[in-house]
Amino acid sequence: MSEYIPLQAEIVDIDIESSNTYLISLKPLDGAGFGYKPGQFVMVSVFGLGECPISITSSPTRKTLQLCIRRAGKITNGIMDCRVGDVLGIRGPYGNGFPIEKMKKDIIIAGGGSGFATLRSLVNYIVDRRSAFGDVAVAYGARTARDLYFMQEYKSWQQAGIEVGITVDIGDESWKGNVGLVTALMDKFRLTAGSAAICGPPVMINAVAKKLMDKGFDHSDIYVSMERHMKCGVGKCEHCMIGPYHTCQDGPVFSYDKVKSVL
Amino acid sequence: MKAFLPKDNLVPLLTRVGGYMEVVAPIKVEGVPVFASWSGEFLALKDNPLLSPLEFFLPQRETLFRYVQDSGRYSFESPLGKVRLVFGIRPCDLRALTVLDSIFGSYPLDQIYFDKRRSTVLVALNCSQPGESCFCERLGSGPSCSDAVDLQLTEIADGYVIETGSPAGILILKAHPEFFLEVSRSHLLEKDELMKQAKEAMKDRIPRSLPEIKEAIEKADWSSLGRLCLNCGSCTFVCPVCHCFTIQDLGVPDGERIRCRDTCLLSGFSRMAGGANPRSNRGDRMKNWYLDKFEYIPQRTGLLGCVGCGRCSKVCLAEMDRWSLEVRR
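Line by line, the protein sequences are chains A and B.
Residue numbering for the first sequence follows our numbering, starting at 1 and increasing by one per position.
Residue numbering for the second sequence follows our numbering, starting at 1 and increasing by one per position.
Among the clues, some could well be false.
[Claimed, not checked] No more than 30 Å apart at the CA atoms, straight line, and that leaves these computed lysine-lysine pairs for BS3-like:
no. : chain 1 : residue 1 : chain 2 : residue 2
1   : A       : K104      : A       : K74
2   : A       : K260      : B       : K214
3   : B       : K219      : A       : K258
Rather than coming from a laboratory, the hints here were simulated on the basis of the structure.
Make the full structure from the sequences, and use the hints.
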């Protein structure tokens, strides 16, 4: 069968995650299984509107497949107009995901804005396989407190022995936490040179990577999840090329040394 | 297997084959040679048409599948393929298909492309008289076929020397023995001599060599070239290796998902939802096009992404010197 024909998945739950973001839980129809790795993505279809790449935000160690949808364009608007019981098309999973086997045991996870969606998959994976990892820290920044994702989960991460730092760019009276950059959060962590997983705007990725390298991280141990425009997801249409790499097949996770020239 | 096809037998042979499969051949449409469905029209075999037969493998527009909705659930229908014979593909365009086979065949395989590829018999025509802007000889993709093909023809004085390259090619010979004669030693010698002359004819052409092209790419002033480039995408639409495409849906609640050819030279090609665009600069897009052909595609496939057909120079609206990449002031 053609790679372009999607699997159908029913929306079984919709949660409001932030001011412009929904957390959508999906169940593939006809009991079809759907295996994946943290850091992979799916091509999501709203039939009649088209298809776009969305990173998987759930961990494969948990039952439900979840996508975090931020209102950004035609198709994400279409997804957010759906109701529980509606069907979306999904193709994939595509991409390489985070190279967990290759990564060191001590991991720092740094996310900015909606880029944190793909990192939550890795965080919950680590929570569920805690003994396989060493010191783990999460640094996450969003524009305002209203833009923070997954607030109800931070406590469970801390209970699993993960250091969690949250910051916002613009604070207000209701916000009692940190205000400032993700890199400032990282100063508070006891960082031992291990591996890193980063996703966010390019300027944030560069700042975090620089800080980590100053602390003795090797650039090949810093993994960055990249965002690119995609159409096919299977390395043919050429929309997502970064130099010789296809983000959809060779990425979206690259070691920092491979992509720093385009960041 | 080799055979000889007298000139007067070509049209009767194609007519016979056309009785059981679609024959595509270069014919003149409004005075311009194009590959199109053939039913006895005059065969325009002198020059390679401006558009390669890529249209029959990756059309400007094609249906990937139809979606039909019933009570909120969908069923999908794939279009059915067609059995075809493409007559008159040139060695350069054949090389382009070999490159595309490698790209579309890498995991996960593009079934829609290969459905067409597998149901098409390819009959190539070697270039005993290369066109004026051809430089295939420089890049090893012509003027004779060096890639897998079902049948290849070389025109000599009173007919065609035929060489088979696959079981499908042999079957065509075996199914229609009445059109073919045994090939003689003098036919073969004549063919070899013609192809040698064809190679000679391209000796003094520009670009002079592959290293010269690579050097020009390295030295190019991309921001100046970017200002000259009109971003029309013409070069990418005539290139037999260019295969960028986009996918879109037509119809609610039932409809079809189609793919259309796209081009990496257009400003919106890599623009993401939200507006960020990693290749927003014209010079960057042009440089990417060249690097893809001479670096990235070779890394992926082991073959050059340029076959030396010269079409991009012919159609460039900015009349850029596509190979020296010098900016004339």
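Please list, smallest to largest, the hint numbers that this structure does not respect. 1
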